[in-house]
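Engineer: Residue strings, one per chain:
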Amino acid sequence: MATFLLLLDLLGTFVFALSGAMLAVRHRLDLFGVLVLACAAAVSGGIVRDVLIGATPPAALTHARYLVVACAAGLAGFRWHALVERLRNPVQILDAAGLALFAASGTGKALDYGLGPLSATLLGMLSGIGGGIARDLLVARTPVVLQAELYAVAALAGGGLVALGRLAGVPDPWPLAAGAAACFGLRFMAIRHGWQLPVARPPGP
Amino acid sequence: MATFLLLLDLLGTFVFALSGAMLAVRHRLDLFGVLVLACAAAVSGGIVRDVLIGATPPAALTHARYLVVACAAGLAGFRWHALVERLRNPVQILDAAGLALFAASGTGKALDYGLGPLSATLLGMLSGIGGGIARDLLVARTPVVLQAELYAVAALAGGGLVALGRLAGVPDPWPLAAGAAACFGLRFMAIRHGWQLPVARPPGP
Amino acid sequence: MATFLLLLDLLGTFVFALSGAMLAVRHRLDLFGVLVLACAAAVSGGIVRDVLIGATPPAALTHARYLVVACAAGLAGFRWHALVERLRNPVQILDAAGLALFAASGTGKALDYGLGPLSATLLGMLSGIGGGIARDLLVARTPVVLQAELYAVAALAGGGLVALGRLAGVPDPWPLAAGAAACFGLRFMAIRHGWQLPVARPPGP
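Residue numbers (full-length UniProt numbering), protein chains in the order written: chain D, 1 to 205; chain A, 1 to 205; chain G, 1 to 205.
Hint data in this document are derived by calculation from the structure and do not stem from the laboratory. Heads up, some of the hints might be wrong.
[Said to hold, decoys possible] Among chain D residues calculated to face chain G with C-beta under 10 Å, some are: (1) D30; (2) V34; (3) F78; (4) L87.
[Said to hold, decoys possible] Quick list of simulated restraints, FRET-style, between CB atoms: (5) D:G194 to A:A64: 46 to 56 Å; (6) A:A64 to D:F4: 25 to 35 Å; (7) A:V144 to G:L7: 29 to 39 Å; (8) A:L75 to D:V144: 16 to 26 Å; (9) G:W174 to A:P171: 51 to 61 Å; (10) D:L7 to G:Q196: 45 to 55 Å; (11) D:L164 to G:E85: 53 to 63 Å; (12) G:T62 to D:A64: 23 to 33 Å; (13) A:L87 to G:R141: 31 to 41 Å; (14) G:D172 to A:V144: 38 to 48 Å; (15) G:R141 to A:W195: 26 to 36 Å; (16) D:V170 to G:A168: 47 to 57 Å.
Ideal placement from N, C-alpha and C gives every residue a C-beta, glycine not left out.
Put together the whole structure using the sequences plus the hints.
Structural biologist: As structure tokens, this is what we get:
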């Protein structure tokens with residue numbers, strides 16, 4: 001079970017890093033910039049969560065495996081970006097899996113550190129979407145996770161389910177599993193069917 | 001007194017969150033993006049301050065009321081943005097009140113955690129303007145608080161007065177009150193009379 | 001020796017702050033915005049490093065000298081920006097010195113706080129380039145340190161040498177000196193000869 005979770009965790013890291021590398025290639029950054037965006041996309045969310053709950057130094061820095069995997073994904077994205085572009089659909093599915101895993105485990109970790117359910121859910125969401133926000137800010141564009149179909153909302157739903165499950169005394173790993181499944185399912189359906197949240201209509205010119 | 005301060009604190013949170021929601025509506029973010037910008041504008045400054053002085057987890061995460069108020073403001077901004085746009089003047093005054101309160105209380109908290117007067121003043125300023133910076137960065141524009149009329153400078157003056165008062169041994173709550181009043185007064189006059197700091201003239205084309 | 005290191009440290013702070021001030025002037029920020037960008041460029045890297053290794057409050061806040069030097073550089077940049085523009089070459093050399101020093105000392109500090117060699121090297125790099133990233137994000141442009149000739153790579157090489165030296169048991173200050181020299185030399189040669197990392201070619205229109 002633990003090995004399975006670790007594998008999922010590293011897979012999520014790889015996919016998030018790949019999204020950073022692809023964005024860097026599109027913005028014509030050099031090899032190093034590609035690696036930086038890969039790492040930023042993969043570990044920023046977890047690092048911000050760890051700093052906020054006081055778990056310093058962050059796990060992404062104390063275990064070299066996350067940065068190693070992120071750099072490997074960066075190199076892969078640098079070398080095979082044309083191929084990855086064509087794989088957009090599978091990548092989106094993997095990305096949804098990474099989001100689900102990060103949101104659920106992030107909420108669990110925040111609860112372990114004594115935060116309340118509301119804050120823990122928010123930190124779980126931040127674990128999931130923080131990497132995408134950092135990635136987009138580094139190339140000076142409005143973070144796509146604030147605009148994509150039910151992206152952060154899916155993370156929020158997954159994290160909330162984890163918090164509720166723990167609050168109700170459901171034993172691990174069921175709250176984590178339910179939260180991750182809910183997040184993945186919601187995001188998957190949103191991609192499939194183009195589900196969107198309402199957008200306010202600002203006064204036109 | 002404590003209740004009055006808490007009310008002011010929540011009012012400042014609400015107004016800052018409203019400014020984030022309005023910016024999000026203007027950038028056509030969806031409902032969730034509006035809530036994120038509302039929360040970012042309301043609590044980022046305090047969170048950065050708390051992380052820097054080592055007070056983790058930050059108060060904005062341990063007390064749910066701040067996020068609840070920020071989300072309420074986000075919903076209000078989403079629903080009634082046209083109305084809020086027309087109220088620009090009252091909102092600017094409330095925003096000045098929020099800035100004054102955050103700068104004064106932020107400086108006080110940093111002093112309580114043992115920082116020197118100069119650093120505490122800077123952290124007070126950061127408490128006041130950090131939310132506006134995070135809000136603007138999330139839509140990839142140069143933070144308006146670095147350009148508006150005496151915005152950050154008013155926060156700096158208010159924080160400095162708090163630090164000086166504490167240094168001189170003036171008993172609470174007078175340093176806080178004086179600092180908040182100075183910040184509010186300065187910002188109010190700057191809005192009224194369009195006071196500006198000098199701008200350097202870069203070499204023309 | 002310690003005095004010499006402190007002098008170098010403050011010189012690096014001054015030069016980094018100057019780069020922030022120059023960017024602010026070019027973006028027509030007011031005097032306060034110039035000071036903010038000067039401080040952000042000078043101390044952000046060190047502050048992020050200190051927060052990540054759990055050394056709060058950060059050194060840049062507990063010792064007033066860094067902020068004082070950064071503000072002095074900001075004022076100088078505001079007043080004499082035309083002159084500084086003409087001195088671009090000497091400033092680039094000083095900037096390389098600042099980068100080398102920050103990367104080496106940042107890696108050393110992270111090792112002192114018990115991080116592994118890989119993470120410490122990354123934190124050293126972050127100490128060196130973090131200020132430039134913060135400076136550029138504040139005016140909403142893609143950080144130049146992700147694009148310049150071997151900028152972050154030089155910091156990485158210098159930090160890595162420090163970590164290797166410490167790992168091999170070489171006594172201080174030799175690892176620090178070797179790391180700083182390597183970083184400076186690499187960056188200097190890259191400026192001289194226009195050395196670049198490869199850039200991936202995204203699919204054309």
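Engineer: Look at each hint and say if it fits the structure.
Structural biologist: Hint check:
Taken as an interface hint, D:D30 checks out: its beta carbon lies about 4 Å from the nearest beta carbon of chain G, inside 10 Å. With a least beta-carbon distance of about 7 Å to chain G, the hint placing D:V34 at the interface is held under the 10 Å criterion. Among the interface hints, the one on D:F78 holds; its C-beta lies about 5 Å from the nearest C-beta in chain G, closer than the 10 Å criterion. The beta carbon of D:L87 is not positioned within 10 Å of any beta carbon in chain G (closest approach about 14 Å), and the interface hint is therefore violated.
One distance hint, 46 to 56 Å for the beta-carbon pair D:G194 and A:A64, is violated here, with the actual separation near 33 Å. Range check, A:A64 to D:F4: Cβ separation about 34 Å, and the 25 to 35 Å hint holds. Between A:V144 and G:L7 the CB atoms are about 38 Å apart, so this pair conforms to the stated range of 29 to 39 Å. At roughly 23 Å, the beta carbons of A:L75 and D:V144 sit within the given window of 16 to 26 Å.
For the pair G:W174 and A:P171, the supplied restraint of 51 to 61 Å holds, since their beta-carbon distance comes to about 54 Å. Restraint check, D:L7 to G:Q196: a C-beta distance of roughly 37 Å breaks the suggested window 45 to 55 Å. Between D:L164 and G:E85, the C-beta spacing of about 59 Å keeps the proposed range 53 to 63 Å intact. Checked against the hint of 23 to 33 Å, the pair G:T62 and D:A64 passes, with Cβ atoms roughly 30 Å apart.
Our hint of 31 to 41 Å for A:L87 and G:R141 holds, since their Cβ atoms are close to 33 Å apart. At about 46 Å, the beta-carbon gap between G:D172 and A:V144 stays in the expected band of 38 to 48 Å. Our hint of 26 to 36 Å for G:R141 and A:W195 holds, since their Cβ atoms are close to 29 Å apart. Range check, D:V170 to G:A168: about 51 Å between beta-carbon atoms, so the 47 to 57 Å window is met.
This entry does not satisfy hints 4, 5, 10, going by the numbered hints stated previously.
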